[in-house]
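Student: So the sequences go chain by chain: W and A.
Take 7 as the starting number for the first sequence in the numbering used here and just add one per residue.
Take 115 as the starting number for the second sequence in the numbering used here and just add one per residue.
Simulated from the structure, these hints should not be mistaken for lab results.
In this text, a Cβ means the ideal position worked out from N, Cα and C, and glycines have one as well.
Some hints here could point you the wrong way.
To be verified - Heads up, incomplete: computed chain A residues facing chain W, CB under 7 Å, no partners named: (1) Leu198; (2) Thr205; (3) Leu211; (4) Ile214; (5) Leu216; (6) Trp337; (7) Arg400; (8) Ala402.
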Amino acid sequence: MIALERRPNTSRFWLYATPLLAVILTVLSGAILFTVLGFDPIEALTAYFISPLRDSYGLGELTIKATPLAIIAIGLAIGFRANVWNIGAEGQLTLGAITGGGLALLFYGAEGPWLPPLMLVGGMLGGAVWAAIPAFLRTRFNANEILVSLMLTYVAGLLLSYLVTGPWKDPMGFGFPRTRMFGEGALLPTLFAGSRMHIGFPIALATVAGAWFLIARSFIGFQIKVVGLTPPAAGYAGFSNKRIIWATLLCSGALAGLAGAIEVSGPIGQLTPSISPGYGFTAIIVAFLGRLHPLGILCAAMLMALSYIGGESAQIELGLPLAVTGVFQGMLLFFLLASDVLVHYRIRLRLTREAV
Amino acid sequence: MDLLAPIMISIIAASTPLLFAAIGELVVEKSGVLNLGVEGMMLGGAVIAFIVSVETGNSTLAVVAGAAMGAVMASLFALLTLGLLANQVATGLALTLFGIGLSALLGQGYVGTPLKALPKLSITGLSDIPILGLVLFGQDVLVYLSFLVTGGVAWFLYRTRGGLILRSVGENPQAAHAIGFPVIRIRLFAVLFGGAMAGLGGAYLSLSYTPMWAEEMSAGRGWIALALVVFATWRPGRVVVGAYLFGGLTLAQLHLQGMGSTAIPSQFLNMVPYIATIVVLVLISRDATRIRMNAPASIGKVFHPDG
Numbered sequence: 007m008i009a010l011e012r013r014p015n016t017s018r019f020w021l022y023a024t025p026l027l028a029v030i031l032t033v034l035s036g037a038i039l040f041t042v043l044g045f046d047p048i049e050a051l052t053a054y055f056i057s058p059l060r061d062s063y064g065l066g067e068l069t070i071k072a073t074p075l076a077i078i079a080i081g082l083a084i085g086f087r088a089n090v091w092n093i094g095a096e097g098q099l100t101l102g103a104i105t106g107g108g109l110a111l112l113f114y115g116a117e118g119p120w121l122p123p124l125m126l127v128g129g130m131l132g133g134a135v136w137a138a139i140p141a142f143l144r145t146r147f148n149a150n151e152i153l154v155s156l157m158l159t160y161v162a163g164l165l166l167s168y169l170v171t172g173p174w175k176d177p178m179g180f181g182f183p184r185t186r187m188f189g190e191g192a193l194l195p196t197l198f199a200g201s202r203m204h205i206g207f208p209i210a211l212a213t214v215a216g217a218w219f220l221i222a223r224s225f226i227g228f229q230i231k232v233v234g235l236t237p238p239a240a241g242y243a244g245f246s247n248k249r250i251i252w253a254t255l256l257c258s259g260a261l262a263g264l265a266g267a268i269e270v271s272g273p274i275g276q277l278t279p280s281i282s283p284g285y286g287f288t289a290i291i292v293a294f295l296g297r298l299h300p301l302g303i304l305c306a307a308m309l310m311a312l313s314y315i316g317g318e319s320a321q322i323e324l325g326l327p328l329a330v331t332g333v334f335q336g337m338l339l340f341f342l343l344a345s346d347v348l349v350h351y352r353i354r355l356r357l358t359r360e361a362v
Numbered sequence: 115m116d117l118l119a120p121i122m123i124s125i126i127a128a129s130t131p132l133l134f135a136a137i138g139e140l141v142v143e144k145s146g147v148l149n150l151g152v153e154g155m156m157l158g159g160a161v162i163a164f165i166v167s168v169e170t171g172n173s174t175l176a177v178v179a180g181a182a183m184g185a186v187m188a189s190l191f192a193l194l195t196l197g198l199l200a201n202q203v204a205t206g207l208a209l210t211l212f213g214i215g216l217s218a219l220l221g222q223g224y225v226g227t228p229l230k231a232l233p234k235l236s237i238t239g240l241s242d243i244p245i246l247g248l249v250l251f252g253q254d255v256l257v258y259l260s261f262l263v264t265g266g267v268a269w270f271l272y273r274t275r276g277g278l279i280l281r282s283v284g285e286n287p288q289a290a291h292a293i294g295f296p297v298i299r300i301r302l303f304a305v306l307f308g309g310a311m312a313g314l315g316g317a318y319l320s321l322s323y324t325p326m327w328a329e330e331m332s333a334g335r336g337w338i339a340l341a342l343v344v345f346a347t348w349r350p351g352r353v354v355v356g357a358y359l360f361g362g363l364t365l366a367q368l369h370l371q372g373m374g375s376t377a378i379p380s381q382f383l384n385m386v387p388y389i390a391t392i393v394v395l396v397l398i399s400r401d402a403t404r405i406r407m408n409a410p411a412s413i414g415k416v417f418h419p420d421g
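Kindly produce the complete structure, drawing on both the sequences and the hints.
Tutor: Take a look at the structure:
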C-alpha cells in the first residue's frame, strides 16, 4: 500500500530537484515518442537538443526565443505568487505588438534613435491596458480573471488580423496580410556580427534582476507573497487584495506587451497575423518550471527556447512534425506537476493495511 | 417562415458541442474539482473521432473513440490532481497545452481530408412535419444524446443517492471522508465523465458541425464551456439555456457575415462570442453572494485525508 504523508516542512532538496527530474522524464518519454513515430531516438534527440547549439548563430537564436519567454514568465510568476491567474499573456503580447508596431508605422520615414525605446514603452502600455480589463472586471465585478484574460486573447488575435488585412495592410505587399517592413531606425540593434541576437536579451536579463529585487527586497513583493501563501493573514495585516490584483495584472500585462513590442521590432520587423508561436502560453510552463523564481525562470526560458528551435531543427533534419514541440512542452509541465508531490509529501510504503 | 427551420437547426448544431463540454464540466465541478483542460480534451476527442471515422468509416466507433480519448486525457488529470495532489489550475492548463500539441501531431496527416457528416435521423412521417419536423426529428444522434445526458445528469445529481454523495464530496470532502465515502474514487469518476463529455463535444465538432480536422478547431469552445458552468450557477437546466444562447449568438454572427454586410469587418463579428462570454461572466459574477451560495464549496482545493 503506497501512502502519501505530508511533510512538516517543504523539502528544499526536492524543490530544486523536481525541475531536473521533470526534464529527464520528458527526454526519456521523448525518446519513446520518437521511436513510436518511427525515428531513431538517439538521432532525433540529437537533432532536437544538441544540433541547434553547435554554432554561435544557434546560440543567438536561443536568446531570441528565450527573451520573450523570460520576460513574460517573470510577469506571470509575480501574479501566480499572489494566486492571480493571468492566462491571457498571449493576448497582452499581441496588443503590445500592435501598439509598438503601430508606432513604427506612424513614424515611418521619420525614425530616430528615440523610436525603439518609444515603441517598447508603447508595447508595455498596450499590454498593461489589455490586462487592466480583467483586473477591473475582477476587482469591480468579481469576474474570473482566468476566463476573461483568455477570452481577450482571442479578441486580440482578431484585432491584429483585422489591422493587417485592413487599414495597416502593406499596399505593395501583393495582397499578403501584413504591414510594410518597419524602417531601419525602428528596429532593435543587434549585438554581434553573425548572430541575430539583439538588445532584447539584455532587457530580459535586466527584467530578471528587477523582478528579483521586487520580490526579495520590496514591500509590495512581500505583500504579494503573503497574499498568495495565507490570504487571511494578508487580510489581518491590512494588505489590500484589490491592489495586489491590479498591481500583478498590470505588471504581467506590461511585461507581456514589452515582449510583443520586442518581437516585432526585433526578429520580425513588421506586423503579421501570427507574431508569436504561443509564447504567452509557453511562458506559463516557464514560470512553473522556474519555480516562480526570477533566476529559475531565466534557466527555464533557455530550456523552452531550446524546445522551439530544437523542434525547427528536427523538422529540417529529420522531417519530424513541428507539433512535437507542443507535446514536449505539455509533457514537461505534466512531469513537473507530478513530481512536485515530493516537495510537500513523503511517499511511504505500508506493508499491511491499517485496521480501520 | 421558410428560414425558421434552417436557423433552428444551425443553432442546435452550434450549441451541441458547448452543451456536452459544459454538462461534463458541471459534474466535475460539483464534485469539487476544477478541470481547466476542457479545451485540450475537446481537441483530443475531435482528432481521434475524426481519424477513426476516416480509417474505419464507422461513425459509432468514431464517437465512442472520441469520448474514450477525452476520458483517457482526463485520467491523466485525475492521476496528477487526485493521486499526486498537484495544483488543479496548473494541471488543467497543462492538459490544454498538451492536448493542443498532441491533437496537432496526431491529426497532421488528416488536415484537408474530406469526411461525410454524421447521418441525420429521418423518421417517416414525423421528420416531414413542416418546420418542427426536421428540428425535432431530423438531427443526428449526438444532438439527442446531449439532451439525454443533460437530463440524466440533472436526475442523477438531484434525485439519486449517488448524486447527493457526489455533491456532498464537492461541498465538504473532509466530512464526506469522515462518514466513509471514497472521496478520491468519486472525484475520479466525475473527472472521467467530464473528460468523456468534452471528448464527445469534440467528436461532434469534427464529425458533424464541420466534418473535417483543423488544428485548434475548437477555437476556445472549451473555455466558453467553462464560463457557461459559472453562467449556469452550476445548474444543469441553465447550462442548456446558456449553451443555446451561445449557439444562437454564434449563428447570428455567422449569418451577418454570410449576408456579406461589409460595413462590419468579419474579424469584429468573430469577436462576438468571446466578448459575450466576458459580458455574461461579469453579469453573473457581479453578485458575489450568489456565486458563493451556488459554487461547490471545495472547488479547486486539493483533498488529502490528513487535512
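Student: Hint by hint, say whether it matches the structure.
Tutor: The hints, checked one at a time:
| no. | hint | result |
| --- | --- | --- |
| 1 | Leu198 | 4 Å, holds |
| 2 | Thr205 | 5 Å, holds |
| 3 | Leu211 | 4 Å, holds |
| 4 | Ile214 | 6 Å, holds |
| 5 | Leu216 | 5 Å, holds |
| 6 | Trp337 | 5 Å, holds |
| 7 | Arg400 | 5 Å, holds |
| 8 | Ala402 | 5 Å, holds |
Comparing the model with each earlier hint shows no violations; every hint is respected.
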